[in-house]
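Based on the sequences and whatever the hints tell you, model everything.
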Amino acid sequence: MSPVLAGEQNFEDIVLNDLAWYESNSIQLLLNRRVVKIDRIKRVVIADDGTQASYDRLLIATGSRPFILPVPGNTLEGVIGYRDIGHTRQMIDAAVTHKRAVVIGGGLLGLEAANGLSLRG
Numbered sequence: 001m002s003p004v005l006a007g008e009q010n011f012e013d014i015v016l017n018d019l020a021w022y023e024s025n026s027i028q029l030l031l032n033r034r035v036v037k038i039d040r041i042k043r044v045v046i047a048d049d050g051t052q053a054s055y056d057r058l059l060i061a062t063g064s065r066p067f068i069l070p071v072p073g074n075t076l077e078g079v080i081g082y083r084d085i086g087h088t089r090q091m092i093d094a095a096v097t098h099k100r101a102v103v104i105g106g107g108l109l110g111l112e113a114a115n116g117l118s119l120r121g
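Mapping to the UniProt record's numbering: the sequence shown position 94 is 94, numbers consecutive.
The hints are simulated quantities; they were obtained by calculation from the structure and are not laboratory data. Note that the coordinates shown come from a computational prediction; the quantities given were computed from them, not determined experimentally. Some clues are possibly wrong.
Unchecked claim - Estimated spans, in silico, between C-beta atoms of each pair: (1) PRO72 <-> SER24: 37 to 45 Å; (2) ARG100 <-> ALA61: 34 to 42 Å; (3) ARG43 <-> SER64: 22 to 30 Å; (4) LEU31 <-> GLU77: 39 to 47 Å; (5) PRO72 <-> ARG100: 35 to 43 Å; (6) LEU111 <-> ALA61: 18 to 26 Å; (7) SER26 <-> ARG100: 45 to 53 Å; (8) ASP39 <-> ARG100: 50 to 58 Å; (9) GLY121 <-> ILE38: 42 to 50 Å; (10) PRO70 <-> ALA94: 43 to 51 Å; (11) ALA20 <-> ALA47: 44 to 52 Å.
Just so you know, even glycine gets a beta-carbon here, dropped at the ideal spot from N, CA and C.
See below:
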């Protein structure tokens, strides 16, 4: 995501596989659903909307959420976590009208955010 934040690439440039790839590889891709049950006997995953997906092998990749420090002001406009392309877009939009940023966190994503914003100017 940092190349998108830096303005070096577009989102489409960093997507590993387009939607057609999943279909051509017989992968059922179900987006924007929360898994509420896994039936290991029937080998079925059930989503909150009732969607069911059968599987031969199951990989559980739960993702993560950015940690926002519990300090006064942490909900103000302009406080942005950095974990997905939506956050990247928020930072790009903020960079149009703001020229300075503070990055809290020295992990990989924090360093990528700092570098991307620096390259963006």
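For each hint, the structure was consulted:
no. : hint                         : result
1   : PRO72 <-> SER24: 37 to 45 Å  : 51 Å, violated
2   : ARG100 <-> ALA61: 34 to 42 Å : 35 Å, holds
3   : ARG43 <-> SER64: 22 to 30 Å  : 26 Å, holds
4   : LEU31 <-> GLU77: 39 to 47 Å  : 28 Å, violated
5   : PRO72 <-> ARG100: 35 to 43 Å : 20 Å, violated
6   : LEU111 <-> ALA61: 18 to 26 Å : 23 Å, holds
7   : SER26 <-> ARG100: 45 to 53 Å : 49 Å, holds
8   : ASP39 <-> ARG100: 50 to 58 Å : 52 Å, holds
9   : GLY121 <-> ILE38: 42 to 50 Å : 47 Å, holds
10  : PRO70 <-> ALA94: 43 to 51 Å  : 22 Å, violated
11  : ALA20 <-> ALA47: 44 to 52 Å  : 22 Å, violated
Comparing the model with each earlier hint shows violations of hints 1, 4, 5, 10 and 11; every other hint is respected.
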